[in-house]
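Trainee: Using the hints, position chain B against chain A.
Residues per chain, in single letters:
Number of protein chains: 2
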Amino acid sequence: MIKVSVMYPNSPEARFDDAYYREQHMPMVKKLMGDYCKYYTVDRAISAGPSASNTPYIAMGHLFCDSVDAFQAGFGPHSKEIMADIPNYTNQTPVIQISEVVVG
Amino acid sequence: MIKVSVMYPNSPEARFDDAYYREQHMPMVKKLMGDYCKYYTVDRAISAGPSASNTPYIAMGHLFCDSVDAFQAGFGPHSKEIMADIPNYTNQTPVIQISEVVVG
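Sequence order for the protein chains is A and B. The numbering of the first sequence is the numbering used here, which starts it at 48 and goes up by one. The numbering of the second sequence is the numbering used here, which starts it at 48 and goes up by one.
Calculated directly from the structure, the hints in this document are not laboratory data. The structure displayed is predicted, hence computed values, not measured ones.
Partner residues are not named here, just some residues of chain B that face chain A (Cβ under 8 Å, in silico):
no., residue
1, Val89
2, Ala92
3, Ile93
4, Thr102
Now the in silico label distances, taken between C-beta atoms and shown as ranges:
no., chain 1, residue 1, chain 2, residue 2, range
5, A, Arg62, B, Gly151, 17 to 25 Å
6, A, Gly151, B, Pro56, 20 to 28 Å
7, A, Ala131, B, Val148, 22 to 30 Å
8, A, Ser114, B, Asn138, 28 to 36 Å
Listed next, the in silico BS3-like pairs over lysine-lysine satisfying Cα-Cα at most 30 Å (straight line):
no., chain 1, residue 1, chain 2, residue 2
9, B, Lys77, B, Lys127
10, A, Lys85, B, Lys85
11, A, Lys77, B, Lys85
12, B, Lys127, B, Lys78
13, A, Lys78, A, Lys127
14, A, Lys127, A, Lys85
15, B, Lys77, A, Lys85
16, B, Lys127, B, Lys85
17, A, Lys127, A, Lys77
Glycine included, every Cβ here is placed at the ideal spot set by N, Cα and C.
For reference, chain A alone in the conformation it holds in the complex:
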């Protein structure tokens, strides 16, 4: 299993619309990718507490796929449409990490 982490950097100017991301963007990505995306998860930085100022990412989404090839087959044909939706929920440019899930 591989995991594509899409991480939105935090900053004092960072804007992120949780509801849109959770209810519109990620379901759209899953629908477009179909079975190439097994499932996804969403994390939101915890803004309360002493760690707030050290939170490197305001939010993260993770797409789980069988392989990098599967991800590319599912995401590639729709990348333009998916990327075009980003400004609808954030002003941040995401950092991408592709990992193998070693323990999951």
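Mentor: Chain B only, in chain A's frame:
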């Protein structure tokens, strides 16, 4: 559910002992934290492929807990022992992110 992500930055000089991390360090953390840690996952950067040079983290571990309080109750008393083990598998200083799992 909250998720404490421990992310080890990548660099040409980054060293990371996967086997030690997976077989020694993370099981030790889980054992010390007991039920305060519900479960954990481990990701390893995929080094093959065109994205290799852009992989921000060489590896990541994620601890899942019921709350930030639960994490602190489980981790706090053992933080010294856990931190002291880090040089046994890496020369990197981890970046920490505490998130709420919004979809998971």
